[in-house]
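**Q** Build out the structure end to end from the sequences listed, making use of the hints.
There are 2 protein chains.
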Amino acid sequence: MTTPVQLTKPIQFIPMKQVNIVDPFWSPYIQLVRDVVVPYQWEAINDRVEGAEPSHAVQNFKIAAGLAEGEFYGFVFQDTDVAKWIEAVAYLLTKESNSELEAIADEMITIIEKAQQSTGYLNTYFIIKEPQLRWKNLTEAHELYTAGHMIEAGVAYYQATGKRQLLDIVCKMADDIGNVFGDGEGQIQGYDGHQEIELALVKLYHITGENKYLQLSKYFIDKRGTNNFFVEEAEKRGWSSIWHKDRIQIDPQYFQSHKPVREQDVATGHAVRVVYMLAGMIDIAKETNDVSLIEASRTLWNNIVHKQMYITGGIGSMVQGEAFSVDYDIPNDTAYSETCASIGLIFAAQRMLQLETKSEYADVMERALYNTVISGMSLDGKHFFYVNPLEVSPEQCNGNNKNYNHVKPVRQEWFGCACCPPNLARLLASLGDYMYSVTGSTVYSHLFIGGTTELNVEGASVTLNQVSDLPWSGVVKYELSTSAPVHMTLAIRLPNWSNKSTIQVNGVTVEIAEITEDGYAKISREWVTGDIVELGFDMSIKRMKSHPKVKANAGKVALQRGPIVYCIEEADNGKLLQQVKLPSDAKLTLKFNESLADGVYTIEAEGVSIDANCWTDQLYSADTVLPETPISLTFIPYYTWANRGEGEMMVWVNELVK
Amino acid sequence: MTTPVQLTKPIQFIPMKQVNIVDPFWSPYIQLVRDVVVPYQWEAINDRVEGAEPSHAVQNFKIAAGLAEGEFYGFVFQDTDVAKWIEAVAYLLTKESNSELEAIADEMITIIEKAQQSTGYLNTYFIIKEPQLRWKNLTEAHELYTAGHMIEAGVAYYQATGKRQLLDIVCKMADDIGNVFGDGEGQIQGYDGHQEIELALVKLYHITGENKYLQLSKYFIDKRGTNNFFVEEAEKRGWSSIWHKDRIQIDPQYFQSHKPVREQDVATGHAVRVVYMLAGMIDIAKETNDVSLIEASRTLWNNIVHKQMYITGGIGSMVQGEAFSVDYDIPNDTAYSETCASIGLIFAAQRMLQLETKSEYADVMERALYNTVISGMSLDGKHFFYVNPLEVSPEQCNGNNKNYNHVKPVRQEWFGCACCPPNLARLLASLGDYMYSVTGSTVYSHLFIGGTTELNVEGASVTLNQVSDLPWSGVVKYELSTSAPVHMTLAIRLPNWSNKSTIQVNGVTVEIAEITEDGYAKISREWVTGDIVELGFDMSIKRMKSHPKVKANAGKVALQRGPIVYCIEEADNGKLLQQVKLPSDAKLTLKFNESLADGVYTIEAEGVSIDANCWTDQLYSADTVLPETPISLTFIPYYTWANRGEGEMMVWVNELVK
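Going down the list, the sequences are from chains A and B. The first sequence begins at -4 in the numbering used here and counts up by one. The second sequence begins at -4 in the numbering used here and counts up by one.
It is possible that some hints are incorrect.
Put simply, identical chains are the same to the list, so a pair is met inside one copy or across any two.
What the hints assert, rightly or not - Taking lysine-lysine pairs in the BS3-like style, the calculated list, with each CA pair at most 27 Å apart, reads:
id, residue 1, residue 2
1, K158, K302
2, K231, K551
3, K254, K397
4, K302, K570
5, K570, K582
6, K158, K377
7, K207, K551
8, K570, K551
Everything labelled a hint here was simulated from the structure, so no lab data went into it.
**A** In structure tokens, the structure reads:
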């Protein structure tokens, strides 16, 4: 029995506006988003990228606005590519003015305004293509999901620029939605097939202070799974479907509509939907101090991270439905592990940290960030993984192979269904939002990313300058300057990968055990300018094992150092990685490789493999002996895989127990 | 470079009419087909089985015949359930008269006759439901496939009873098809989306002596993949589809129409289609002595059995498309391995043996028969596996799990898509067709199944009585009686699982090596009544290994004894089978278990597992040590799995190399 959270002291994350990231590892990613990803995505959604799949996303708005002729093209949720692009732009503008980029965004927003209907309705698919089906196929049409992304864009753009144009548009749209949905006479007692608007409406509530948006979000959360809405609307519609022949197929678990959200104790169905829903649940739980929803959020979170998450922070192990499977079923080679799902997991983690500051949430956030998320983008900012497997054999992925053809052995260009690239862009561009939180006079440091943070603690201005050597060394330093001496608690996360951490304040070692609570070392003192806190984390290489119920990893080991999960690749280790064994007593040696990515530490070890040449062409044999031969193994950081052409890759390696 | 086969001496299988099976292992299966399966299936296709999915197969014929009112119901190929049932009945009647069963079949045939159109056309879906689409969607509609099964039924029923009614029906139907298809003016230059008619037409050619049927079969084989037929007919039809929304989806590899059959060197797409096609290819290759087709058949066969076949003789590793994957991709837990596909592989093997008598073909036939095929049916004859995995965890299969929900942990009742049960019935009822072949004065014994066989060799009547102790002991005996001394070669297959075989003729040991050719020990002598040949096969337990490229089986071992592949089950060995290891030096002990199936030999061994209780609730850990603990392991024959309720099962077990 866990105690209900007492939300007497609200926990607030320090907004990115107050956080300036200057970090040798992360700054290049943010610059890449600014200099390449966002400009490239603007070209992509305007259909100006040679060889990429057409998007038509901007054109759809122009047609809906009466500024162009033509038909709707693209997915039913094509509008969200524009919304997520504007949101990413907003985050860039928050940190650095860019009048050219802002002008482009303003122009786009004016087109959006013209596309909006007088009622407030805004969705180009249903404006152009099927107006008669508006609000009639929530199951499939992503209509509220699309609205949610536009709301997030409107909030972010207002926060960045102070311009109300898009905020007013989305308020009008949200008001329309509030009229359409609800338990009142003539209203739709329903919710969307793809959760997203729930968390967006809470953002809108925060920025406008309008309680109605919070209540609308709460309505969608509370209503979900309590009725048979998707079947009811299908009956009214005559069972028509956007995707299927003859009649719509409704799998309630896919949509998380099989039970009320408070009764969902196992993550099931489409993974992105689950974590977006969870983020919305936590938002509502926090804002309304709803104990049952807090418990439900914890339960769902725990199921995901303790039973269904890859070691890389990936979630959703099945290609079919891009979905969660069952507990402990996380196959490595057929993994889906969508980049967007790990981004959604980070959204949920950051919100769990607003319910209760426990380091386990930040551990997951960091795991997803340093592994699946940055694996999702190449260092040119133009190639992306949607699917992030933990084991790849190009022979399996290529060819006519339905088990694996979602798995790409190299990063791809912009997709027609372009969810992940703009999601990556908006997360990386707003990374400052995930680093620090404050409750009362306690400042929590969750992520070890360098830069300065401006705080206001008990009337004093505090500047916290973090210098981090992560992920390659465990040395982190905070320098403080304050307008006046200030009594403050600096709570530093002790990451779960560090067995032995040290902290020195102004050169004096702190007894960590005495001040640690929920995974944070809490240094309470009167701080003055010039105070220095130095951290030393254990960066020894860890031989990770999986829970015994994980079939895919039985008898296998994965290497992790700091937050970085490692893998072996064909480029270093040859083919037939499934035959490689890492002895349990193998010496693991670090080696700097300056030519991989921007320079990384690899891990070298002596392993064994078999001499496959001794095998005949028989598929099965009782007589063939395959002698084991020594092999020099090189492990590289998972996020740098597939940068040296197509080849085999493997995170979980067979262990030879010595 | 292999030498082209010289078909100067035709190889003929001895028809089941001349083979009377009396065998402690196989006779119960055949009796089960007679006493339970065929009567039960008659009830099922008449919709009289409580709780089973409706079939409507007989009713469709009644409606088409004008004997009942109503709509077509079922799959587009629903007619084949009736056809396969009649074919199985025919095989039963071949061995034993049964006037009641014959009367039911005759009555059904009369209904079929009434359903046939004046042109000869016969397919209830297109007679009742979509007459305007007749011959317009070969890609999806199984129209020739359905015709093929009816032809096989007509041939078998004529052979069994001498009654021409159904044979005349199918001749008229085949003549109609011959008019519709071909390269002439106004004819369709096409072929079916599901191969089957090719092999059926060769049977019709054999029974009628009408060369036109052989030529029509050859036309379908030769034409396949040489044009863009499926796309062309889709264009003409406006891209309509039976299965898909908006427009038909055509994956040529799925249909084996991506290349001419002579260029298909890798088995790809739907597995049953591939092996049915291969059977037809071999038929035509043999009948026309077509060297290029012989080579193509060998190539395709070798790809299947040397790169894509499970150790159980299962093929088609992917649920999506019930299809072949790529070479060496044969996962154990997501396996499809359809019962029908292994039956088709047996059809192909028997035909390869008619091209060239090499024991490797019979080895595969035996492997499929003793493992996947009989695993497909419960010993009550009423429950079936369509999918035959090599590894099962009920937690994975149950619940909302798209990776595994094709895998059933226990045998199921009659399905709506009821392909496998009647296919099993017709194979088992005609098992005598697969045992012996003759070329010149050489009699080949391919399978070790007891019973008597009547032969005519060089004018003399020969009776061969086989007594077999397989699969539990390697003792087999042949007793001969002849009307006169006869010079004959008895060629006995030396199975690939026997490292050391012995043969004695009338008590005198034969030097096998000197007389062995292509895997058959050829005993040439003048035989007289009372001659006895005794075989002794090596029945030691084999520790089977897989080709190093098979990822799923790396580091694993499977046990095989004689033709029987073994597995471990939760009922004997507890849960978490993935953590079990079989030491490479473990002593393997046979033990008779009279309570499992009809009594089987199990294999006992000392293995190790882990003590999973030491693990915490974390998904990953660097610190937890799981001590290995000894465990007594029991391996049971694969075909007897899932007879003791739901539980884990595993064929390929981790090996602990000592």
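**Q** Work down the list of hints and note, for each, if the structure agrees.
**A** Hints, one by one, checked against the model:
{"no.": "1", "hint": "K158 - K302", "in the structure": "neither (44 Å within a copy, 64 Å between copies)"}
{"no.": "2", "hint": "K231 - K551", "in the structure": "neither (52 Å within a copy, 55 Å between copies)"}
{"no.": "3", "hint": "K254 - K397", "in the structure": "between (31 Å within a copy, 19 Å between copies)"}
{"no.": "4", "hint": "K302 - K570", "in the structure": "between (31 Å within a copy, 18 Å between copies)"}
{"no.": "5", "hint": "K570 - K582", "in the structure": "within (22 Å within a copy, 34 Å between copies)"}
{"no.": "6", "hint": "K158 - K377", "in the structure": "neither (30 Å within a copy, 71 Å between copies)"}
{"no.": "7", "hint": "K207 - K551", "in the structure": "neither (52 Å within a copy, 61 Å between copies)"}
{"no.": "8", "hint": "K570 - K551", "in the structure": "both (18 Å within a copy, 19 Å between copies)"}
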